[in-house]
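Number of protein chains: 4
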Amino acid sequence: MTTPASAKPNVSLIGLGLMGRPMGLNLLRAGFPLTVWNRTPERAASLVAAGAHLAASPREAAESARVLLTTVSDPPALESVLYGPQGALAGLARGAIYADSSTVSPALARRISADCAARGVRFLDAPVTGGTWGAEKGELLFLVGGEAATLTEIEPVLAAMGKKWFHLGPNGAGQTIKLAMNMILALQVGALAEALALVTAADIPGEKLVGVLQSSMARAPVLDVKAPMLLKGDYTPSFPLRLMHKDLGLALDLANQLGVALPATAASREIYNHVKGSAKEDLDYAAVMKFWKP
Amino acid sequence: MTTPASAKPNVSLIGLGLMGRPMGLNLLRAGFPLTVWNRTPERAASLVAAGAHLAASPREAAESARVLLTTVSDPPALESVLYGPQGALAGLARGAIYADSSTVSPALARRISADCAARGVRFLDAPVTGGTWGAEKGELLFLVGGEAATLTEIEPVLAAMGKKWFHLGPNGAGQTIKLAMNMILALQVGALAEALALVTAADIPGEKLVGVLQSSMARAPVLDVKAPMLLKGDYTPSFPLRLMHKDLGLALDLANQLGVALPATAASREIYNHVKGSAKEDLDYAAVMKFWKP
Amino acid sequence: MTTPASAKPNVSLIGLGLMGRPMGLNLLRAGFPLTVWNRTPERAASLVAAGAHLAASPREAAESARVLLTTVSDPPALESVLYGPQGALAGLARGAIYADSSTVSPALARRISADCAARGVRFLDAPVTGGTWGAEKGELLFLVGGEAATLTEIEPVLAAMGKKWFHLGPNGAGQTIKLAMNMILALQVGALAEALALVTAADIPGEKLVGVLQSSMARAPVLDVKAPMLLKGDYTPSFPLRLMHKDLGLALDLANQLGVALPATAASREIYNHVKGSAKEDLDYAAVMKFWKP
Amino acid sequence: MTTPASAKPNVSLIGLGLMGRPMGLNLLRAGFPLTVWNRTPERAASLVAAGAHLAASPREAAESARVLLTTVSDPPALESVLYGPQGALAGLARGAIYADSSTVSPALARRISADCAARGVRFLDAPVTGGTWGAEKGELLFLVGGEAATLTEIEPVLAAMGKKWFHLGPNGAGQTIKLAMNMILALQVGALAEALALVTAADIPGEKLVGVLQSSMARAPVLDVKAPMLLKGDYTPSFPLRLMHKDLGLALDLANQLGVALPATAASREIYNHVKGSAKEDLDYAAVMKFWKP
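Residue numbers (this note's numbering), protein chains in the order written: chain A, 1 to 294; chain B, 1 to 294; chain C, 1 to 294; chain D, 1 to 294.
Only chain A is shown next, with the shape it has when bound in the complex (with noise of 0.2 Å):
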């Protein structure tokens, strides 16, 4: 006997760019009841098209929740979708579950958790990672901040969208953990870029270095996604260099408002920066390299 369909909570999902397309489906493949808001409501098509509901705002998206979910591009972005007009907060009942999937600051995911405690609402910042592949492929990790009771609650809707779930402490923890994995990311890269531009410059083909780092201690998934990129200068986007910069930049800023010296990716995020400031379309964070071969 299978449990039906109707036994499910409502879920909503605000926020459907890369990674909230692929998680809107899984949520539908899953039998979960789906309502789902976009900026730009041409992006709910292939949602819509597989059963979810499209609601006129975030608010109304809000109102049908059980668990509400978002994942949109950066602070500003979940500020207005939250707090502007017909913003979603005003709209979540009291016991609902409101899990937020964007990478934004701890700061911000702590302010959101008392405004939602204060209208009855569970709050857990929910950064993934794992990318569009591990969106596509429902192999997300979470990683979660906030009450364990809650996510013990919300496990069921979190399993179908990804494979692992990490409970690291209160609300702002997943934030911050979610930061320092996207430095260490980001300077695998950029160490990496370092290395193919001085090896280059001393006439030795980077396939050489890639040869030598896969059967060497500094191996790494990322780099043997991110290698052939670099060796090829194509930056086609998969987690774009605009957010990670963005990322950078929330590590930095909460490192410096905890007294916490960063050199290295303070030095990094100077580096993406000055891609992101030149570079006219929408590039991978593995452009990095064009510092060195614009």
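It is worth saying that the hints were derived from the structure and are not from the lab. It is possible that some hints are incorrect.
Since the list can't tell identical chains apart, any single copy or any two copies may satisfy a pair.
As the list claims (entries may be wrong) - Calculated cross-link-like contacts (lysine-lysine; reagent style DSSO-like; alpha-carbon spacing at most 30 Å): (1) K137 / K208; (2) K208 / K164; (3) K208 / K232; (4) K246 / K164; (5) K163 / K8; (6) K246 / K208; (7) K232 / K164; (8) K290 / K246; (9) K163 / K208; (10) K290 / K232; (11) K293 / K246; (12) K137 / K163; (13) K232 / K293.
Being a predicted model, the structure only gives us computed values, none of them experimental.
Starting from the known structure of chain A, fit chains B, C and D onto it as the hints suggest.
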């Protein structure tokens, strides 16, 4: 029918530190007649007990060698054993092969190559990666610059100590790739240290970050090995910080000769330098964490 | 015949810290009717004793002003006095002029400008340079963004507090130049600190370096003032490190919005950050030296 | 009664570049019998025309010298004229004084000092600051390491070329202070470049920043000289970028030997390096601006 030991060429090994001793033992195990020399002869005891002949000088060690190997700690040490009084270079016979597994500048490798060529000796720069663990297990990687035919000729010798060798280009290419690899390792471990400094300052246990890391795209064998050391503050040297610091300096020297800016490597080198300046004992390079947690 | 005091416009001043108090005293000395407000009203005592009227709220201070001045410590403090409960913005009369001498982001200056324009109020961003010494002597420099005609109109007010004003462009330009100036000051003092760290580690007294410096092309008034502090380790705050650290953050935020890499500023900010993180008291930014001599 | 020229000691000068030639002319004007040598003898023409004797080798120049001066571009050039074939060191007579005004490492200064002492020659490291302008006007500053008595003895010689000399400590101290001074100059000009990059990206003319700078605490003679170059993009070399880059490298080498982290200097060096790597001609170090405005 087994190959008689006498068919194996005489090998001499200069430099019996953390790397040289296990390399020598593996050569003996593989049946190579072995002559050794070390600045402090006490370090040769285990090898002599296992059948090695102890030479009285680098020059004497070189004179008996069909294949000479050196593995010393830095460029001045190498210049001393090669060019100093009773130096090895003057002892090498026409037709011998000399492979240096120290990590030095590509410029020094090319200078040695030219001096060897003038004496009818073939030279390979052949630094290794894999650490003391790789040296003990006979699983080193050799990063080789020089003539491919010379490499082919000494493959049986390398096979006694390592599992793989890469022909990377003319003399100097092995050292260049080695420096590039160590930059990547130093920045990976440095990135983990910055990330741990950030999350712990935010009152999240470092173990939480490492747990996420191990399920992520950022996972790397070097981080699997070093993360527990950073968490515990146990910096028993496997690859000493002073050597990593030296290699970052060699990489930056090369980059500054070539006009290639390496901002993140430069930032990271100063952190390693800060720790080196305050450390009283010999520590692993994982001790970069002491910049934040002295 | 002298101009009667009554001919001078009513001025209100919000923010009575190290800069605001001497600025207020100079306004009173010049004969301007002055209303003041400060978050901690005790700080107003000397000004009230000298003839200032103490308002009960920012709004009340603004209501009586023909010219409103603010000089608070950072962007959140400014947002609070302008937009918070009983905030100043709502009190400003149509036709009034508002000049902000705090150091905040150009973006905030432009937002305030737009909000003022909507109320028929003319706004200037007018941060100052010259420190507490300049404030006391009435020798501040005002770095002004906004309409030139508005600047002309309040020149008599500025002349009471400073010796010079620069019209630098539209709103935001004053703040942009201020951030750029503070970057230069922070890097000059930071450079002296690095140089002193180097020579003293080499067993040369820092005084020797400062002696040469004072005869050289590198001599700068800021170094004349700060060098003795660095040599003595006396960091009594004139311009507090936490404010310089904040301004470096604002400069880097602006640069990262504009896509302009600032590698040396970024490196320097992390050093100031490291000191800020470990300092227990309020110190001058000359305390950047504590990175090397805690 | 004037002192007869014959009473003045024979001086020899090796290295006739942008600094050496005007120094030589000033020595001749002051009446010192002068012997000169330069790798490219054509450069000696103006000095020979003014009465100098042209030696055939560094050694020959040294042989006739009561006081030997050298001023060459970098450590390898100095090692070559001292230790190469027909090198100067072998020519120096017991009792002579040798003062080196090149900028090299303190370690090289100490090595030369020891080699001189072994031959009964007194050595001073005496690098100069003041640039070509100072050399021409006879207003150089000499930064001297070595015995105070030796300095006293050659004061009449230095007085012909400079206006001031500082006794800074034992051999090496002059070079250490010189490196520290150049760090400060490089960071001052680099700071101005970052500030100009920021304000111009914000659509404010760089002249506005320079105008404020000149009324401020940050004013410095070096910025008065370099600011117009940065604004115009005119980088006619006075002090070449390749030499400033070399000196930053020597400073960082020293700091890394001493375990003193120099994060801002390291960041700045990489910017100078980036410009050096892409520059086709010889440029002043003010060309650091080309990192932002190629």
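Hint check:
{"no.": "1", "hint": "K137 / K208", "result": "between (32 Å within a copy, 25 Å between copies)"}
{"no.": "2", "hint": "K208 / K164", "result": "between (36 Å within a copy, 14 Å between copies)"}
{"no.": "3", "hint": "K208 / K232", "result": "within (14 Å within a copy, 36 Å between copies)"}
{"no.": "4", "hint": "K246 / K164", "result": "within (25 Å within a copy, 39 Å between copies)"}
{"no.": "5", "hint": "K163 / K8", "result": "within (19 Å within a copy, 55 Å between copies)"}
{"no.": "6", "hint": "K246 / K208", "result": "between (32 Å within a copy, 23 Å between copies)"}
{"no.": "7", "hint": "K232 / K164", "result": "between (33 Å within a copy, 26 Å between copies)"}
{"no.": "8", "hint": "K290 / K246", "result": "both (18 Å within a copy, 26 Å between copies)"}
{"no.": "9", "hint": "K163 / K208", "result": "between (35 Å within a copy, 17 Å between copies)"}
{"no.": "10", "hint": "K290 / K232", "result": "both (12 Å within a copy, 27 Å between copies)"}
{"no.": "11", "hint": "K293 / K246", "result": "both (22 Å within a copy, 24 Å between copies)"}
{"no.": "12", "hint": "K137 / K163", "result": "within (9 Å within a copy, 36 Å between copies)"}
{"no.": "13", "hint": "K232 / K293", "result": "both (11 Å within a copy, 27 Å between copies)"}
Comparing the model with each numbered hint stated earlier shows that all of them hold.
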